[in-house]
Amino acid sequence: MTQWRPPLALVGAWLGLLALLALTVALAYVPLGAGNAVVAMSIGTVKAALVAAIFMELRHRNGLTLVFAGAGLFWLGILLWLGLMDFVTRT
Amino acid sequence: MPEPPVFASQYVSIPHRDHSAELGMWVFIATEILLFGGLILAYFVYRHAFPQAFAEGSQHTDILIGTINTAVLLTSSFLVAWAVEIFSAATAKIVTWLLVGAACLGLAFIALKGIEYRKEYHEHLIPGIDFQLARPLANGVQLFFVFYLIATAIHAVHMLIGICLLLTLAIISRRAPTTRHHTALHSAALYWHFVDVVWIFLFALIYLPGRAAS
Amino acid sequence: MWRDWIPFWRPGLSPQSGDVDLLFAGLLIASALVLGLLFFLLILFCVRYRAGNEIDRGHRTSKSWHWEVSWTAASFVCFLGLFVWGASVYFEMYKTPTDELVVFVVAKQWMWKTQHAGGQSEIDALHLPVKRPVRLVMASQDVIHSFFIPALRLKHDVVPGRYQDIEIEIDRPGHYHLFCAEYCGTEHSGMIGEIVAMDPADYSHWLTQQAPASPLADEGGALFRQLGCSGCHGNGSQVRAPPLEGLYGKPVPLSDGSTVIADDKYIRDSILLPRSQIVASYQPLMPSFEGKVTEDQLLRLVVYIKSLAGRPS
Amino acid sequence: MSEKNYLTTDYTLRSWLLTTDHKRIAILYFASLIFFFFIGGAAATAIRIELATPQADLVSSDIYNRLFTMHGIIMVWFFLIPSIPNTLGNFMVPLMIGARDLAFPRLNLMSWYIFMLGGCTALFAILAGGIDTGWTFYTPFSSLYSNSYVIVAAAGVFIAGFSSILTGLNFIVTIHRLRAPGLTWYRLPLFLWSLYATSVILVLATPVLAITLLLMATERFFGVGIFDPRIGGDPLLFQHLFWFYSHPAVYIMILPGMGVINELISCFSRKPVFGYKFVAWASLAIAGVGFLVWGHHMFVSGQSLIASLVFSFTSFIVAVPSAIKVFNWTATLHKGSLRFDAPMLYALAFIGLFTIGGLTGLFLACLAFDVHATDTYFVVAHFHYIMVGGMVTAYFGGLHYWWPKITGRLYSEYWARTAAILIFFGFNLTFFPQFILGAEGMPRRYHVYPPEFQVWNVLSSGGAVILAVAYLMPLVYLGYSAFFGARAPANPWNAPGLEWQTSSPPPEENFATQPVVTREPYQYNEAFEAEPQNA
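Residue numbers (the numbering used here), protein chains in the order written: chain S, 1 to 91; chain L, 92 to 305; chain G, 306 to 618; chain H, 619 to 1153.
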């Protein structure tokens, strides 16, 4: 009768995600200046990493799958980096 | 009795097929990341150009609905991950209910989103249809709302596709679940989790800026 | 006549365009060498190693890495040189313009409208004195256009929503093509004009010949009153708005703590998007003039505010 | 020859339209692409005829603008991008890796249907009245000012994009997962390396085009949007997003062509490709670095000077792997045993034309010269040398090379060589004068032009007529051979690739027994030549 129970890792990830959500909303109201944006994006990244590693099972996957999963992010980085470069360095 | 050859002839075994399907799904997710990437670049470009307007625009959104929706989506992702984990012939009924539950949470998300859109419409915040803001920084705020609406609308379309997938899988895995169904469910789950991840970032970009200033 | 058909037979007519011509020659020679070598080898191999030709085919190169490394390195070094050369001329062409003589260019579907500081305006033509750097301030009323003078080897897009500055200088008197190089709609190919370069004496003569127009700054001043700007920015007004005298070219502290220089772009943005950059210690009261003023009028307002720079605030 | 092959398993229309056989889907693509190629080509011919005189005499400005827009959209998205990957690639990938089919055969069929849906949508936009924005859809002209069917055409391109993505996805997974036993990465034919690199670009760049077109169409539909300069939006953002796709798209077009050339050069000089690993990795390097160069389309657009500097530098860098390939192909000829069959003529033409296109690409990467040359006919000539002189030439070469395998028939070598030579001369006559026009300063997309440009335009138009005739020739003799040509043996070129180890045309299951690979690619050595082929 235990076969239907969710593994502890899943429950832990779920509770952790909800806790991080509460944390990020709370921190958004703390005046940190430019730090607010950094905090919001960092917590977002941690949450996304939790989902990817545990819900999407990336922690059990081999290098090839990780490369495939990372490729999109890497190219997103190129798009943001070179795309923003123009707008940030305009005079 | 070995399982009859349920995999197509270009594969040599079931794990071979499953691993290929999973890789295909990850390639698809990479594509999707870049799809949202174009929007994210637009967001950062304009946030860089109009920082105050974006903070102000963010304050016009409903953080309560946003937060509830995030929690709803995280929970539905959890249910789907759970269903993938325990998938077997013996647990078919529970798997079905988990998927139905996840799909219902998805529908709840869409419904809340609809309420939020309606509220914004009444506040005259929909560019192109009805945008009136007799406040400072109106143009930047308008750009913020263009981004907000397009990004959340595309996300909602992804949600709808995901809900259809989950419901279909809920129906077919109720009877005679096979390894093929498990593969299909696994792929659909990856998609659903990805939609969740997109929302995590949209939430941080749309609802959180400018809260501390007020 | 046939000489007209040969590119760059007539050399570029500005100091920088001579550099571009030289660069073009350098690129041509470099590619001719590469292409010549390649075609020589292709033909040589095709003839010598054709099937049926009895020739020694032994001792084939099997280890290839030293070939690979050498031609990779050679290409890389060549490319690096060309990159540095091209970039240095580019920065010279697009250097920040001096402010000696300013001409305003407004592009719209499908014409070039140019205005001299004295108020003389032209359509699809631009008269300029030779051997004198001229700063062009360009704006577009609608879509993206591109200001292109082949004789000067110079081109710059004119993007709506912002000003573009370039400096041009012409060495010799004459008539030159002005093209729109960025596709802009139905009559794109009709959006061509003429650059008339004149000796300075002829140029001043020409200026006086033009229909008497009040200088741009005066017209801007009239607009300034007509649009009601003076009601708030004028001396002794009831509403508290930042004074504009002595503003141009000075740093302006903003309410978000940053500072901007009050240049053309800032003034333009302040008229169109007044609330995007609020001056420190002032209220965001000014209405937007978006859609209420044309690019022509905007230019006049900017010139007027600029003319106030010398006055004490 | 009475055995069933993939063409003779079934003759019903239904068996074609519902097939999941990669070979039949390749044929479906091939038929559709011929159709689009000749539509785009007809538009090109009309453009060149109009430009023979400086005045407007054939069409009005409005029609002219619609013609070159249609030419661009059709040729880029409905011919060049799917050309080699979806026809030769679709057919050859499983054969070359010794697999039964692609990893996702139904997805493959779906991608053809999506492609056709996109194509029909674009055709509808053209028939309904056309679109006049140019294939680049620059805002705010496309979003706020144009009076043509922009949204419909953009929808067509948007839809076709998903077809590209699915094809790329299929190839990536197939090449990773379905290689025959013993077929390691360094034993793959270089055609597959280049298709793999192409697929990476298809998968990672196309979605950005999709979102860009969606944003543009939204702006047009609602009259206000994210690029709208009236509310502080920046039209240059559109260009950044557009070129993030569209520059890598150039490599989508040329990489498969380069891949084909490897097969041809080695087969007809009876030698392995010189520097296999360098050529293989050069493909991936082009795909990767190709994503870092898009801003070189914007040197005069008002982007920051620093951005221009960076993009110029990366553009020079991306030329290095291309140069490596050209040198390696030339070195492959050294001490070979060269035969000049039609595919080889195309391959040699490719090397010459691609090199000219590549070198003039350096001119344009060079910041100061680009200021003069961009948006002139110099650019038009440059990219036609890459796309037509490069890609289309390679496509024709590959088509002739694999024609016996695909159809099981032999074409007339005499006519094939004649057409190849005619295409080469017609092409150069059409496009070389355009370099001169561009250097002289004639802007592109000009319907009427100052009379001093006429001489070179007349030459170019004359070349275009020759080229148009030359492109029609293969349609005739290849079409004839498909039905009446002599039967082809399994391995007419005596080549070692896996695709030649099965009958021509291949049976539905590709190989009677699962092939096992035991040797390096391109083993045209004495032992191989001594082996009895076509036994």
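Rather than coming from a laboratory, the hints here were simulated on the basis of the structure.
Idealized CB from N, CA, C, for every residue including glycine.
There could be a bad hint or two in this list.
Quick list of simulated restraints, FRET-style, between CB atoms [claimed, not checked]:
(1) G:L559 <-> H:F1050: 39 to 47 Å
(2) L:A183 <-> S:A9: 31 to 39 Å
(3) H:R957 <-> G:G331: 52 to 60 Å
(4) S:G12 <-> L:H139: 33 to 41 Å
Not close to chain S: a few residues of chain L, all C-beta gaps over 12 Å, as computed [unchecked claim]:
(5) A99
(6) V118
(7) H151
(8) T161
(9) L170
(10) S179
(11) Y212
(12) I217
(13) L251
(14) I262
(15) I263
(16) T270
(17) F285
(18) A303
To spell it out: a stretch of chain H is covered by chain G in this simulated footprint if at least three of its residues, at any positions, have a beta carbon under 8 Å from a beta carbon of chain G; those stretches are [what the hints assert, rightly or not]:
(19) 678-687
(20) 863-873
(21) 949-958
(22) 1080-1088
Hint by hint, here is what the structure shows:
no.: 1; hint: G:L559 <-> H:F1050: 39 to 47 Å; in the structure: violated, 55 Å
no.: 2; hint: L:A183 <-> S:A9: 31 to 39 Å; in the structure: violated, 23 Å
no.: 3; hint: H:R957 <-> G:G331: 52 to 60 Å; in the structure: violated, 39 Å
no.: 4; hint: S:G12 <-> L:H139: 33 to 41 Å; in the structure: holds, 37 Å
no.: 5; hint: A99; in the structure: holds, 21 Å
no.: 6; hint: V118; in the structure: violated, 6 Å
no.: 7; hint: H151; in the structure: holds, 15 Å
no.: 8; hint: T161; in the structure: violated, 5 Å
no.: 9; hint: L170; in the structure: violated, 9 Å
no.: 10; hint: S179; in the structure: violated, 7 Å
no.: 11; hint: Y212; in the structure: holds, 25 Å
no.: 12; hint: I217; in the structure: holds, 25 Å
no.: 13; hint: L251; in the structure: holds, 20 Å
no.: 14; hint: I262; in the structure: holds, 19 Å
no.: 15; hint: I263; in the structure: holds, 19 Å
no.: 16; hint: T270; in the structure: holds, 16 Å
no.: 17; hint: F285; in the structure: violated, 8 Å
no.: 18; hint: A303; in the structure: violated, 4 Å
no.: 19; hint: 678-687; in the structure: holds (count 3)
no.: 20; hint: 863-873; in the structure: violated (count 0)
no.: 21; hint: 949-958; in the structure: holds (count 9)
no.: 22; hint: 1080-1088; in the structure: violated (count 0)
Of the numbered hints stated above, those contradicted by the structure are hints 1, 2, 3, 6, 8, 9, 10, 17, 18, 20 and 22, listed in ascending order.
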